[in-house]
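Colleague: Quick note, the sequences are listed as chains D and S, same order. Numbering of the first sequence is given in my numbering, commencing with residue 1 and proceeding in unit increments. Numbering of the second sequence is given in my numbering, commencing with residue 559 and proceeding in unit increments.
Misleading hints may appear alongside valid ones.
[Stated by the list, open to error] Straight-line alpha carbon distances no greater than 27 Å define the calculated DSSO-like cross-link-like pairs of lysine-lysine that follow:
| no. | chain 1 | residue 1 | chain 2 | residue 2 |
| --- | --- | --- | --- | --- |
| 1 | D | Lys-469 | S | Lys-725 |
| 2 | S | Lys-586 | S | Lys-769 |
| 3 | D | Lys-469 | S | Lys-709 |
| 4 | S | Lys-709 | S | Lys-586 |
| 5 | D | Lys-469 | S | Lys-659 |
| 6 | S | Lys-586 | S | Lys-662 |
| 7 | D | Lys-200 | D | Lys-294 |
| 8 | S | Lys-662 | S | Lys-709 |
| 9 | S | Lys-709 | S | Lys-725 |
Just so you know, the hints here were simulated from the structure itself, not pulled from any lab data. Note that the structure is predicted; figures quoted are calculated from it, not measured.
Residue-level listing of the chains:
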Amino acid sequence: MSAIADTPRQRSRWQPDFWSLVAFAAWAILILLLLMPLSLVLVSSFRDESGGLSLANWQRLFTSARYFNAFVNTLIVGFGGLAGALLLGSVMAFCMARLQIAGSRLVSMLAILALVSPPFIGAYSWIVLFGSGGIVRQTLMSWGIFMPPIYGVWGVLIVFAFKFYPYVYLLTSGALANINRSLEEAAENLGLTPFQRVMKVSFPLVLPALSAGGLLALIHAIADFGTPRLLGRGFNVLATEAYTAYSAEIGSNLGMATTLSLALILLSMVFVFIQRFMSRRNVYHSNLINRPEKVRLRGFANVAAHAAVYFIALGGAMPAIIAAIYSVRKTNGPVFQPGFGLESYSRIIATLGDVVRNSLVFSGVAVLLIVVVGTLIGCLVARRNTVQTSLLDATLMVPYVMPGIVVGVAFIAAFNTPPLVMTGTATIIILSVFIRRLPYAVRSSAAALRQVGPSMEEAAISLGYSPVKAFLRVTIPLIAPGIIAGAMLSFVTAINELSSSLVLYVGGTVTMPVKIYIAINDGDYGTAASLSTILLVLSGAAIYLAFRLLGRDERALL
Amino acid sequence: MAYLQVDGAIKRYGATTALDGVSFAVGKGEFFTLLGPSGCGKTTLLRSIAGFSQLSEGRIDLDGVDLLAVPPHRRDIGMVFQDYAIFPHLTVAENVAFGLKARKVPASAIRERVAEALATVRLAALADRLPAALSGGQQQRIGIARAMVVKPRLLLMDEPLSNLDAKLRLDLRDEIRAIQRTIGIAAIYVTHDQEEALAISDRICVMDGGKVEQIGTPQQIYGQPATRFVASFVGTMNLLPPSAFGLPSSDGVAHWAVRPERLRLSEADTPAQFAFSLTGAVEHFTYLGREAHLTVSAQGHRLVAQIAAPPPDLSIEAGREIQLALDLRDLHAFDSEGRRVTVGRAA
Ligand SMILES: Nc1ncnc2c1ncn2[C@@H]1O[C@H](COP(=O)(O)OP(=O)(O)OP(=O)(O)O)[C@@H](O)[C@H]1O
Ligand SMILES: [Mg+2]
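Between the sequences and the hints, there should be enough to build the whole structure, so can you do that?
Modeller: Structure, rendered in structure tokens:
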């Protein structure tokens, strides 16, 4: 009673103050690290070599045969990757969600392995098996069976299908397993044939998941830079061209690189909007009264289902497995010798300690920033529904579709000249990882917070806790597991980040993925394989921790 | 002066007006019930008093202090939430102790008071469980214990018994009433259940569409409904047009109304003892245990009559002729706007 009589003051003012501060900081960060670099990219794409305003770059994009090819090829890998991922992913999802598959835990582990395979090593592993001198190809040839090497557009598409199918699989199998079986039974009961039932009931219900998974595959396929670079053999895409334009030893052309980057962003944006438009009405919630049962197949059908599932799962995880095997092959310098040994690892310990350390420190710091900033912005977006926060939310969609190469090029464009010079520092690499992964953290913490709902905090306030204390004592403990799990998953992407670091690194800031790229280019496969294996182990540990906290849910990885 | 005073409370959400000029006063130690259909603004009103939503207009005073100037956490107003809002990361006992900790009550006293509160809501056996595995009704009771244990200056309860079985409801509503009396705090109680409202309240406020329809004691609300809405919302009411059955016509009366239990029924051949009687045919007979309802259709109007303590073998087949009688003093009259009018002859 006295508490009130003592302090006859105006309405509590802290909430607006604190959250306005957060909003202010969020906008400052976005302007500095996103909007400013992006607008410089935009400006730079409208400058010619001498610095004058011109449409030359855009003209070249559409008239030069080379860039036009790259543009068409990007669409080809995008839709080809999408088609392959949809095919493999939906077959896998159906089998795993609706059929009894022996060793299904192993299969979903293999899918995770495919998802977190370090970039670049994948393409290399495919070459090891199916390249001109590949083991499998050579063996088949010695038996008299001709097999073309995996280079070129088909090679890229095959690799993409196996690399990106987990997006479709994880989302769709979740949706399939959650369809209320009663719906399908009702359809049967109403006289629909099994085929009609699938087309009219099951398919529309999983369509949102299917299209969301497909979109992820498409965006990643468009942005992927390592696979076409290594396997393409003249098959160029926008991402590789952007990197080439930027990194050419002679006549590095930032204007062209930024133009190509913008084309990539615009393309991704278009697909995001198409997908959103397609699934705008299709949000279904089912109240899992009647979960579908897994059918046990018999005879040939059973064998076929198992063969399909294991073919896809092993194909996707193959790069990681090959890397692990090659990491323990005996080497002499960069050359593999018969037999096994740990030379590659001892070489890493002897000479590449700082590379490993760089990776750990950069990702650690980036994840810390992501968690703190992401959680605060997430709370802001979830709790304040104003025009300003919706705008913030929408702006955060931009890094979501920005390929890593583009972030790298944009940062070079922004931070190479005063007032803010950061090129060549660790900071610029950390910030590039930070801005790319921030949207995921914002989304996951906003989602966690929406689950908690405001009445929990209000209950604490009605019991006498100030808003700050209520937030700390009630909301934070409730969303903490989600935040930590999100941090672990951010760590996985941060430590595997290649494409933006590749543009931004200098001698002292080489990270493991960059070193893998360099090692493969130098033909030092032993080092590449062992570094990849270390990355896999670190990623695996982080995922294990996240699953311990969140409960096993592979979809959190997407 | 009243303990809690709400004056001209208006709350708008965009185009909808959830509260439309609500005013009332609650005395210290009073048990005040809000009764009304879903969506009439009950929760909005409680949340405004607790400070979780700001009124668009109006004023709320508690104990002579303008509440709107006090931040929610210093209002010392306990609230039982409609959606429970039980902290899932704390055990049942920790949930109940939560408010006591904020008040810096010594640990030993906390233990004692928590144990007592849990015993009151019949949850002593679950003290160390996490709420996730508890049923809706059990969570609801944690919410009640948590709000009451801190002995707030004002207790707001938003349908606190809605998820309990009938027996537990009765027990707990008596407990709530008893505790509220002992600690002498004012309580505002929201319910859908008219019988509960009549049984537990000192006074009832019937709301509809964000407006107060009537405030009064249970007897006034049931016996002298101020509007046609109150008459038909609280209990069952037979509404009749002014000219039905040749009822005495009277200026300004748009509706006559009579409670089912005021209709006496007599077999068609026994003479009516009441001033007014009418004959109709039984449409159906509903057995309800301690009473039975008889739907009778008479001259195109449908009336419900009540039979108190029906013998177990009583059954009245449809189509049977029956005679209903009523005392004109039991008639309520409402004007065309639904307001109660006093009719000299009927009163
Ligand atoms: N945050 C909000 N935004 C918009 N309209 C709201 C909001 N909260 C409540 N309303 C509207 O205000 C009106 C009153 O809502 P309120 O929750 O107070 O009803 P209630 O009487 O508690 O109903 P119930 O008995 O179903 O709990 C409803 O029409 C509701 O739709
Ligand atoms: Mg309500």
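Colleague: Determine for every hint whether it applies to the structure shown.
Modeller: Cross-check of the supplied hints:
1. D:Lys-469 <-> S:Lys-725: violated, 39 Å
2. S:Lys-586 <-> S:Lys-769: With Cα atoms ~24 Å apart, S:Lys-586 and S:Lys-769 stay inside 27 Å; holds.
3. D:Lys-469 <-> S:Lys-709: holds, 21 Å
4. S:Lys-709 <-> S:Lys-586: holds, 14 Å
5. D:Lys-469 <-> S:Lys-659: holds, 12 Å
6. S:Lys-586 <-> S:Lys-662: holds, 26 Å
7. D:Lys-200 <-> D:Lys-294: Between D:Lys-200 and D:Lys-294 the Cα gap is close to 21 Å, so the pair holds against 27 Å.
8. S:Lys-662 <-> S:Lys-709: holds, 14 Å
9. S:Lys-709 <-> S:Lys-725: Between S:Lys-709 and S:Lys-725 the Cα gap is close to 26 Å, so the pair holds against 27 Å.
The structure fails to meet hint 1 from the earlier list, while all remaining hints are met.
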